[in-house]
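A.B. asks: Using the hints provided, position chain F relative to the given structure of chain S.
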Amino acid sequence: MGTVDRALVRDVSAIALASGVVGVSFGALAVSAGMPVWLALFMSVVVFAGGSQFVAVGVVAAGGSPVAAVLAGLLLNARHLPFGLAVADVLGRRWPTRLLGAHLMVDESVAFALAQPDLARRRAAYWWCSGLLFVGWNLGVTVGSVAGSTVGDPATLGLDAAFPASLLALLLPGLLPPRKEPAPAGTPSSDDAVARAKATRARHVALVGAVIALVTTPLLPAGVPILLALLAVGVALR
Amino acid sequence: MTVLWILVLAAGTYAFRLAGPLLSERLHVSSRAQELMSLATIAMLSALVATATLTASGGFSGWARPAGVLVGAVLAWRRLPFVVVVAASALAAAGLRLAGLP
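Chain order of the listed sequences is S and F. Sequence positions in the first sequence follow the numbering used here and run 1 to 238. Sequence positions in the second sequence follow the numbering used here and run 1 to 102.
For reference, chain S alone in the conformation it holds in the complex:
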C-alpha cells in the first residue's frame, strides 16, 4: 500500500466508522418497527442506501403503505443516476467491476472520487470508500438490530453533523481558487487563469444548487430538492 493509499484509507475509515454507528441506529429502528434481524440486514445489503432505508422503514412504521415507502425511497435514490454519469470512467468498461461498482455507489464515494486529481486516484478513492462503507454500514446494522432498541440516538454523538461536514470537506478544494504558488516573476500563467475560472464556475453552481434545495425542501418530498439542484448547472452555461 503506497503512502497515498494509506492516507486515503485513514480518511475513508473515519467516515466508514461514522456510517457504521448510523447503521447501528438503523438496525435498532428496523427491529423496533417489527422487522426481524435477518430482514434488516438483508435490506441493508441489497439496498445499501442509508437515507432511503430510514425513509422506507419510517413510512411503514408511521402506518404508510409499502408502496408509499418504496416510492419515497426510490425518489431519494434517483440522484444516483446523474452520479453514475459522473463516475462512469471510474467504473470502467469491464462488466464485473461495473456491476459491482454500481451497487456500491454512495454519496461519499462519489464525493471522494470527485476530489481526486487523476483517474488512478479517483478509482482508488471510489473503491476504498465504497468498500469500507459497505462493510461499516452492514456491520453497524447487524450490531444495532441484534442489540435492539437499547441503542441511543446518533445525534447525541454529533454524527448528524459528520456526514455534511465530510461532504463539504471533499467539495471545498474544488470550489476555492487554486493556492498561490510562490510565483516566478512575470505575468500569471494561463493555466492558473483557467483553474481560477473553473473554481469560480464550480462555486456559483454549488451556491445556487444549495439555495434551490433549501428553498424547495419544505415544499417537496425528500429527494426531489436534490434533483432540482441540477438546474444550478445552468449558471455555468451562460
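Hints in this document: simulated from the structure, not taken from any laboratory. Check the hints yourself; a few may be wrong.
Here's a subset of chain S near chain F, in silico, CB distances under 10 Å, partners left out [stated by the list, open to error]:
(1) A33
(2) V37
(3) V146
To be clear about the criterion: a stretch of chain F counts as covered by chain S if any three or more of its residues have a C-beta under 8 Å from a C-beta of chain S, and this derived list gives those stretches [claimed, not checked]:
(4) 1-9
(5) 19-26
(6) 33-46
(7) 76-86
(8) 89-99
Partial selection, computed: residues in chain F whose CB lies under 10 Å from chain S [unchecked claim]:
(9) A52
(10) T53
(11) G59
Yeah, the Cβ is synthetic: ideal placement off N, Cα and C, and Gly gets one too.
C.D. replies: Only chain F this time, still in chain S's reference frame:
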C-alpha cells in the same frame, strides 16, 4: 416491509445506479460535457450538504448541527486533515447538545 417490497426498492435503486455508467457508454462524451457532469455532481453534493446541515424532516434542524458543520468547514478551509474535520464537527455538535442547544 416484506422481502418482496425490499427487493423492489433494491432493484429500482440498482437501476438508477447502473443507468449512469451504461448511458455514458452510449453518449459520446466531450470534455465540455464531462465538465458539466462534474458540475452537476457538485450541485447535488452541495444541495445534500445544505439540506443535511440545516433541515430535518422538512423543517429546521436546530442550531447544534449547523454549528458543528461550520466548525468542520472552517477547519477544512484551513486545510486540516480530513479525519480532524469530521471528528471536530461531530464533537462540536455533540458538545453543544450536551450544553443544552437543540
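A.B. asks: Hint numbers the structure violates, sorted upward?
C.D. replies: 2 and 3
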